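There are 2 protein chains.
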Amino acid sequence: MLHAAAGAFTLKPEMERVAADIDHLFDQALRPACHSNRLCDAMRYAAMGGGKRMRPLLVLASASLFGVSRGEALRAGLAVEAIHVHSLIHDDLPCMDDDDLRRGKPSVHCAFDEATAVLAGDALMALAFETLADARTHNDPGVRADLIARLAAAAGPSGMAGGQMLDLLADHQRVESADIVRIQILKTGALIGWCLDAGAVMGRAAPVLARRLATYANCLGLAFQIADDLLDAEGDEAKIGKRVGKDAGQGKASFVSLFGIAGARRRADHLVAKAIRQLQGFGRDADLLRAIARYAIARDR
Amino acid sequence: MLHAAAGAFTLKPEMERVAADIDHLFDQALRPACHSNRLCDAMRYAAMGGGKRMRPLLVLASASLFGVSRGEALRAGLAVEAIHVHSLIHDDLPCMDDDDLRRGKPSVHCAFDEATAVLAGDALMALAFETLADARTHNDPGVRADLIARLAAAAGPSGMAGGQMLDLLADHQRVESADIVRIQILKTGALIGWCLDAGAVMGRAAPVLARRLATYANCLGLAFQIADDLLDAEGDEAKIGKRVGKDAGQGKASFVSLFGIAGARRRADHLVAKAIRQLQGFGRDADLLRAIARYAIARDR
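Going line by line, the protein sequences match chains A and B. Each number in our numbering corresponds to the 1-based position in the first sequence with 996 added. Each number in our numbering corresponds to the 1-based position in the second sequence with 996 added.
No lab work stands behind these hints, which were simulated from the structure alone. Since this is a predicted model, take the numbers as computed values, not measurements. Glycine included, C-beta positions come from ideal geometry on N, C-alpha and C. A couple of the hints might just be wrong.
Every beta carbon over 12 Å from chain A, so not counted as near; a handful from chain B, in silico [what the hints assert, rightly or not]:
1) A1015
2) F1062
3) P1102
4) A1122
5) D1130
6) R1140
7) L1143
Across the chosen pairs, the derived CB separations fall in these ranges [stated by the list, open to error]:
8) B:D1109 <-> A:S1173: 24 to 32 Å
9) B:L1097 <-> A:D1136: 21 to 29 Å
10) B:R1027 <-> A:H1020: 51 to 59 Å
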């Protein structure tokens, strides 16, 4: 328990440091060579000054296990955050989830317009791959190509885009526990899996260690989603920065509607314990990953 | 003139061969590991069985100058065609150009729905980068990373997405000749430039030769756009496979509205001649590029 408290204690400053670093990198990436101010304005509006930057933090936490430099890990973190923001912009569109609030401010299509939101999302995906292809991300181009292939797979029809498609099709349909787990694994799990993978790839980790981190990622992704559903059912809009009670209002299946609040919380606790068990053998180096796993179910925003 | 006729003669079978090869590669790429049938259906619907495959043809024509294998060039061609189809799907959306007809059939958002169209476009962009990251595209990962960085730049705010943003902003505004050239160079020129570049990068061409191909690409891209504007003003909807007379109907500036039909045609002729001049020194190896340049202003679809 002392250990848990210590983990929680170190998490917040590291989160804030990573968030500041990612903002700085977005600022650098989105400043030069913008031929269209409106498009860059929309990209900056969506990408900067918001979000927990959980994915870059996961890349850093994984990379630090294998001696990867912070600068390289941050650039990989920038790439995955760019893909994440891309997906948020497109998911918020009226034809998708139709959300008008994101990270505590109007969604991109509300602050700008739908066409600008589509293009800003597209351009952020391009930025992600441009970032990974750059030699500053890793000096070995083989490692960079590997990171790119894995991120593209995680974003495509067998990953994030496929999961969002299933999620849209599941609206107003009878959805069972196995379906919602599968949708989550595709929709958000694939990208979280990439974050842990990225550290292992950049650090040339032994396959057995990479596999343990992949299991950690699977458990963490599901725990996060369950916690999101709990927040949506119970949470405070002002703290979360997006609309709450939406899933229930639309009659949409969630971990809470399937298992109830107590059942969903029990499952999340179990997943976090399983995630932390994967870290045995990494020693204190993995304290950041342990703290993130605990945070998944402890956060109120 | 005999030379020109010979060029025109060889172009059609090569175009058909490339189109068949690209269809085959899309089929292979979009068959496995599709967790969501609807998303893959939409990607296949948009990507297969249509279009002139002009961009893959340009990659092949450039690559053949430097001894790159046809198989490698086709994979790079698949990547740029995936990005091109991605942009067509998103550009056709109601919030963008609002086109209901594309390549002779209903646009993706009409045949499916808007959400599916957004996701299919996103997933095709991911497929493009996944294809380039694969070792089958080039055995040197440094070359692959270079291709990826250049394609991402060509698709982003300083390329295609930036051009489309400017094009949308230019609607109903007074647009001058310099603006419309700039919009075209970004919106379609950047991707055409990548095609010629790709052959040079894969074949490790001398910088002086790569620069000549870049000039060829600039001229060709503009000539194609002018020819498109001429077709829009004069063309036959059934042959082109998309709506015509739309630009004039919307009071949108085009090369035809700025220079008139005769002036636009004169400019296109001049650009094609300039493009072909860049190929001096490449000998008969560049006949395919010469034929493509002539085709740009001779086609009726």
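Hints that the structure is at odds with (numbers, increasing): As far as the earlier hints go, 4, 5, 6, 7, 9, 10 are violated by this structure, in ascending order.
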